Amino acid sequence: DAKTTQPPSMDCAEGRAANLPCNHSTISGNEYVYWYRQIHSQGPQYIIHGLKNNETNEMASLIITEDRKSSTLILPHATLRDTAVYYCIVRYMEYGNKLVFGAGTILRVKS
Amino acid sequence: KAGVTQTPRYLIKTRGQQVTLSCSPISGHRSVSWYQQTPGQGLQFLFEYFSETQRNKGNFPGRFSGRQFSNSRSEMNVSTLELGDSALYLCASSGGLGSSYNEQFFGPGTRLTVL
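Quick note, the sequences are listed as chains A and B, same order. Take the first sequence: its letter number 86 is residue 86 in the numbering used here, and every next letter is one higher. Take the second sequence: its letter number 28 is residue 28 in the numbering used here, and every next letter is one higher.
If you're looking for bench data, these hints aren't it; they were derived computationally from the structure. Wrong hints could be hidden among the right ones.
So, partial list: chain B residues that the calculated Cβ filter (under 8 Å) puts toward chain A [unchecked claim]:
id : residue
1  : Ser33
2  : Gly40
3  : Leu43
4  : Phe45
5  : Glu75
6  : Ser94
List of simulated lysine to aspartate or glutamate pairs, DMTMM-like, C-alpha gap at most 20 Å [unchecked claim]:
id : chain 1 : residue 1 : chain 2 : residue 2
7  : A       : Lys3      : B       : Glu103
8  : A       : Lys69     : A       : Glu58
9  : A       : Lys52     : B       : Glu75
10 : B       : Lys13     : B       : Asp85
11 : B       : Lys13     : B       : Glu103
12 : A       : Lys110    : A       : Asp11
A quick note: this is a predicted structure, and the numbers were derived from the prediction, not measured. Cβ atoms here follow ideal geometry from the backbone N, Cα and C, with glycine treated the same way.
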């Protein structure tokens, strides 16, 4: 079972920041938080991952709370092309490259 | 660098038949994972291969099998197809030396319809 909880859907205005929350209260010390997204009819796309520090790349920023029980993915200037299902995944070392996907959050970016 | 490719992209089969799907990972990647995506169950992990060995397996019946070749290309096979096997089958590859924390690159998927 997925070990993360996300809201089923969110709306965001084009050009504004999209903040997608994720709860992972049972995360353990050596488990990473990953974010992927899936645009309709395509394979999932890696966005970002982190352990305990905040991370930023060309696509997004990842903010992880100090107790690591929750995180927020931030898309700084959402565009219509960011409309997708966003998955927050806790990566377990013993699972190797296995990803356990939950239901994700449907983000709708509106003009 | 070419991405992950999957063939065929679309497939229609009838119940009881078998099917083989193919995945070519990104050059240099040694890990290939397979996922099944259905509207009801979402994205579910099938199995992972690394250096021609199955390293991880999900909770699917034995009708689902796979293999990996020395060039890292992978195939998955589903025997005795059932209507519930209709799904998008996704392949993902990752590189490096088997690190657990590499990002995975997904292919476009094979859409299988079982009639």
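(message) So, against the hints stated earlier in the document, which numbers end up violated here?
(response) Going through the list in order, the structure violates hints 2, 5, 8, 9 and 11 and respects the others.
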